[in-house]
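Heads up: the sequence lines are chains E and R, in that order. The first sequence runs 10 to 338 under the numbering used here. The second sequence runs 13 to 217 under the numbering used here.
Hints may be right or wrong, so weigh each one.
[As the list claims (entries may be wrong)] Taking lysine to aspartate or glutamate pairs in the DMTMM-like style, the calculated list, with each CA pair at most 25 Å apart, reads:
#1 E/K281 / R/D45
#2 E/K188 / R/E157
#3 R/K60 / E/E267
#4 R/K46 / E/E310
#5 E/K234 / R/D99
#6 E/K264 / R/D124
#7 R/K60 / E/D224
#8 E/K281 / E/E230
[Stated by the list, open to error] Short, incomplete list of chain R residues facing chain E, as computed with Cβ under 7 Å:
#9 V36
#10 M41
#11 T44
#12 D45
#13 F55
#14 A56
#15 V59
#16 F112
#17 F181
#18 Y192
[Unchecked claim] Residues on chain E that point at chain R, a partial pick, calculated with CB under 10 Å:
#19 I15
#20 R16
#21 L20
#22 N196
#23 C198
#24 K200
#25 R308
#26 L312
#27 I327
#28 I331
#29 T336
No lab work stands behind these hints, which were simulated from the structure alone. Glycine residues also receive a C-beta, built at the ideal position from the N, C-alpha and C atoms.
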Amino acid sequence: MTSAVIRYLYLLLIIYLLSGISAFASESEKPQAGTVDSITFISPFYEDNERCFKCHGQKTYEYENENLERKVKALMFSERVIDRNKFYQSNHKSFSCTDCHSADYVKFPHPGELRMEQMYNCIDCHGGDEKFAQFNFEEIESEYQKSTHFQLEKEGFSCWECHGPHSYKLNIRNSSDLKETIIYDNNICLKCHSNYDQFQLLSDKDEINILQKHDWLPNQETHFKSVRCIECHSQINDTILVSHLILPVENAVQKCNECHSQNSILMSTLYKFQSKEQRKDGFLNGIILNQSYVIGANRNEYLNIISLLIFTVVVLIIGIHIYFRVTRK
Amino acid sequence: MYLYPIWVRLWHLFNAILIIVLIVTGVSMQYTDKPDTILMVGFARAVKWHNIAAVLLTVNYIFFVTGNMFTDNGRFYKIRKGNFTSDLWKQMKYYSVGMFKGEKHPFPVIPDRKFNPLQKLTYVLAMYVAFPLLIISGLGLLFPETVISRFLGISGMILTDILHITMGFFLSLFMVIHIYTCTLGARPTSLFKSILSGYHVSEDH
Numbered sequence: 010m011t012s013a014v015i016r017y018l019y020l021l022l023i024i025y026l027l028s029g030i031s032a033f034a035s036e037s038e039k040p041q042a043g044t045v046d047s048i049t050f051i052s053p054f055y056e057d058n059e060r061c062f063k064c065h066g067q068k069t070y071e072y073e074n075e076n077l078e079r080k081v082k083a084l085m086f087s088e089r090v091i092d093r094n095k096f097y098q099s100n101h102k103s104f105s106c107t108d109c110h111s112a113d114y115v116k117f118p119h120p121g122e123l124r125m126e127q128m129y130n131c132i133d134c135h136g137g138d139e140k141f142a143q144f145n146f147e148e149i150e151s152e153y154q155k156s157t158h159f160q161l162e163k164e165g166f167s168c169w170e171c172h173g174p175h176s177y178k179l180n181i182r183n184s185s186d187l188k189e190t191i192i193y194d195n196n197i198c199l200k201c202h203s204n205y206d207q208f209q210l211l212s213d214k215d216e217i218n219i220l221q222k223h224d225w226l227p228n229q230e231t232h233f234k235s236v237r238c239i240e241c242h243s244q245i246n247d248t249i250l251v252s253h254l255i256l257p258v259e260n261a262v263q264k265c266n267e268c269h270s271q272n273s274i275l276m277s278t279l280y281k282f283q284s285k286e287q288r289k290d291g292f293l294n295g296i297i298l299n300q301s302y303v304i305g306a307n308r309n310e311y312l313n314i315i316s317l318l319i320f321t322v323v324v325l326i327i328g329i330h331i332y333f334r335v336t337r338k
Numbered sequence: 013m014y015l016y017p018i019w020v021r022l023w024h025l026f027n028a029i030l031i032i033v034l035i036v037t038g039v040s041m042q043y044t045d046k047p048d049t050i051l052m053v054g055f056a057r058a059v060k061w062h063n064i065a066a067v068l069l070t071v072n073y074i075f076f077v078t079g080n081m082f083t084d085n086g087r088f089y090k091i092r093k094g095n096f097t098s099d100l101w102k103q104m105k106y107y108s109v110g111m112f113k114g115e116k117h118p119f120p121v122i123p124d125r126k127f128n129p130l131q132k133l134t135y136v137l138a139m140y141v142a143f144p145l146l147i148i149s150g151l152g153l154l155f156p157e158t159v160i161s162r163f164l165g166i167s168g169m170i171l172t173d174i175l176h177i178t179m180g181f182f183l184s185l186f187m188v189i190h191i192y193t194c195t196l197g198a199r200p201t202s203l204f205k206s207i208l209s210g211y212h213v214s215e216d217h
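The following block holds chain E by itself, in its conformation from the complex (with noise of 0.2 Å):
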């Protein structure tokens, strides 16, 4: 009586079990909440930087036309609309737009030729600034200019092309979820690399699949969302956190070995800035653990020293039985 009891709810059991494989593989993937920043900061500047947020502040802007005579409602083009609430929590958040771009532009209608006014790069303010030592930005524009994109397109290509001067906000070193960080930096490549029209501005080459170019790559899915692009696509420089050069894409990397294993080169690249600061706990490259799951690359010392040690024990119980079963018989 018992028995065909466990019997049927043994048969309910798989027939659940099954019906949940078949949901799962269908299931969608829930959307996930977004995280809502406040802005604490009020800049010294805030005043100044309204005349120009009024109109590049937003999509629409407004104006008097006096040949009209009348107010006139415009759409601002998308490229030159900055949002307010990025640039306040980005690193450039204590300048005024007239630290960067001339103080011609508060004149409206902006004089035409300030369009082509020369623009800064990181370089020009941060290079050979002691307070910015640690950053070591020579190295980084030296690093830049031996990077596929410079070399590609010197004329072009430009430090802004990756950092947006009024959204950029330093990543990795402040960063206390790493998984953020990883769709931050992605999100720098994939502005041109998934968005062809984008790309276009800087290189004639046909539009790049990315989804397909990694097609070999096994978990595709996981790995996008477990390292960056640069981690497999640039050459580590051990005096600067995050690598500048950009490799052809024939230098990537793709042997599973690099990442997947005791030297992984994860160490040197995404976990750089952690591995520094923390300890091991027995684990090879605890710090990678920690994060993520990386098979090859995280091993317990000391399950590996206990497992030995059972294994030659159970062997050499083994021997020793056989050698008397062969001199006892």
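For chain E, the structure is supplied; the task is to place chain R on it using the hints.
Frame of chain E, contents of chain R only:
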């Protein structure tokens, strides 16, 4: 004596092949630093074959449990309290001392007693404790999004990983001992022949 029905032999054969594939590929993934060592498989291939073999092993395991539920083969895996501990002791004494003195097997194989007490205990531990834990933790590693991210302050993946490799290690150890004890039949090869033919040759011939 016909002891191993065809479904048990087929299950056992598949289980053996899959376990060997899983051990080789599993060790290859764990010790990727030595890709050129004998029997080591390249990482990408190891991951692929480990996943394929694991899914097949899970199906094979469900087949085994179902078979034990719905045929009388399941009775060999039921431990009844009674004299179990003392029987276990008797069996261990036989393996470590008795058999060298020419003593008779304390629990010879009969149609109603396929396993000796020690065998029964290890088989139950392997099939009904280690296997489910191995499969559940393995599914967790295959679908990392299903694993809880933190448990008592430790990463859920660490715990799942440790559970998986520990069970994998114990089952590998079980396999080594299992193969060795299978040389303890009437002749060193007779038990291997039995699991292929289904017929058991008595030790006391």
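Proposed interface contact between R/A56 and chain E, which counts if any beta carbon pair is under 7 Å: At about 5 Å, which falls below the 7 Å cut-off, the nearest Cβ of chain E leaves the hint on R/A56 intact, so it holds.
Hint check, R/Y192 versus chain E [nearest Cβ-Cβ separation less than 7 Å]: holds (5 Å)
Given hint E/R308 near chain R, where the shortest CB pair must fall under 10 Å: Status holds, d = 6 Å.
Pairwise hint evaluation, E/E230 against E/K281, where the allowed Cα distance is 25 Å at most: Answer holds: E/K281 to E/E230 is near 23 Å, not above 25 Å.
Given hint R/D124 paired with E/K264 - CA-CA distance at most 25 Å: violated (55 Å)
Evaluation of the interface hint that places R/D45 against chain E, nearest CB under 7 Å: With a minimum Cβ separation of about 5 Å from chain E (threshold 7 Å), the hint on R/D45 holds.
R/F55 as chain E interface residue, shortest Cβ-Cβ below 7 Å: Hint on R/F55: holds, closest Cβ of chain E at ~4 Å, below 7 Å.
Proposed proximity, E/D224 with R/K60 (alpha carbon, max 25 Å): holds (14 Å)
Hint consistency between R/K60 and E/E267 [alpha-carbon to alpha-carbon, up to 25 Å]: holds (18 Å)
Pairwise hint evaluation, R/E157 against E/K188, where the allowed Cα distance is 25 Å at most: holds (13 Å)
Given hint E/I15 near chain R, where the shortest CB pair must fall under 10 Å: Holds. Min distance 7 Å.
Hint status (Cβ of R/F181 to nearest Cβ of chain E, threshold 7 Å): Hint on R/F181: holds, closest Cβ of chain E at ~5 Å, below 7 Å.
Hints 5, 6, 9, 22, 23 and 24, counting from the list given before, are not met by this structure.
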